[in-house]
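Read in order, the letters of the sequence shown are residues 561 to 701 in our numbering.
Since the hints were derived computationally from the structure, they do not count as laboratory data. In this text the structure is predicted, and so the values were computed from the model without any measurement. A virtual CB, placed ideally from N, CA and C, is assigned to each residue, including glycine. Among the clues, some could well be false.
[Claimed, not checked] Label pairs and their calculated CB-CB ranges:
#, residue 1, residue 2, range
1, 619, 567, 23 to 31 Å
2, 647, 565, 22 to 30 Å
3, 566, 609, 19 to 27 Å
4, 574, 620, 20 to 28 Å
5, 576, 630, 16 to 24 Å
6, 613, 573, 28 to 36 Å
7, 626, 660, 17 to 25 Å
8, 688, 613, 30 to 38 Å
9, 619, 572, 22 to 30 Å
10, 570, 644, 33 to 41 Å
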Amino acid sequence: VERIATQLPTLGWDDYDAIWVAAGTGTTLAGLVLGEAGRHPVVGALAVPEDHGVAALVAATLAEAGWADTGYRLLDASRGGFARLDGRLARFIVEFETASGVALEPLYTGKLLLALREAVESGAVARGSRLVALHSGGLQG
């Protein structure tokens, strides 16, 4: 979270509205929630189905750190399962890489950014919002 704050001026930003991150186990998300300490919401795009226990692990991690179970939300971005690559996700990854030059993979970050795009397109994200999407790596292969 501190590193994000130091990089904002390169974007011409003095603040942001939320952080978006892929969630496989939820530990990175929990760390971001703790680092934010309530300043900004954190959105976790689930790379696994909701019944994989991510919500419980995040809640337990936050409770162990003495932090209330607030400041974040989870979205189902699993596309039906871990490592599921449907046509929409495959097309999105190709389009994103072509437009940006940034490589994505279908396990985590591709699902995260597709979920973010869908949230923007549906109006769930307010126009003009400044969002930080954390590309956590994960380029396998």
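Comparing the hints with the structure gives:
no., hint, in the structure
1, 619 with 567: 23 to 31 Å, "holds (29 Å)"
2, 647 with 565: 22 to 30 Å, "violated (38 Å)"
3, 566 with 609: 19 to 27 Å, "violated (36 Å)"
4, 574 with 620: 20 to 28 Å, "violated (35 Å)"
5, 576 with 630: 16 to 24 Å, "holds (18 Å)"
6, 613 with 573: 28 to 36 Å, "holds (35 Å)"
7, 626 with 660: 17 to 25 Å, "violated (39 Å)"
8, 688 with 613: 30 to 38 Å, "holds (35 Å)"
9, 619 with 572: 22 to 30 Å, "violated (36 Å)"
10, 570 with 644: 33 to 41 Å, "holds (35 Å)"
In summary, the numbered hints that this structure violates are 2, 3, 4, 7 and 9.
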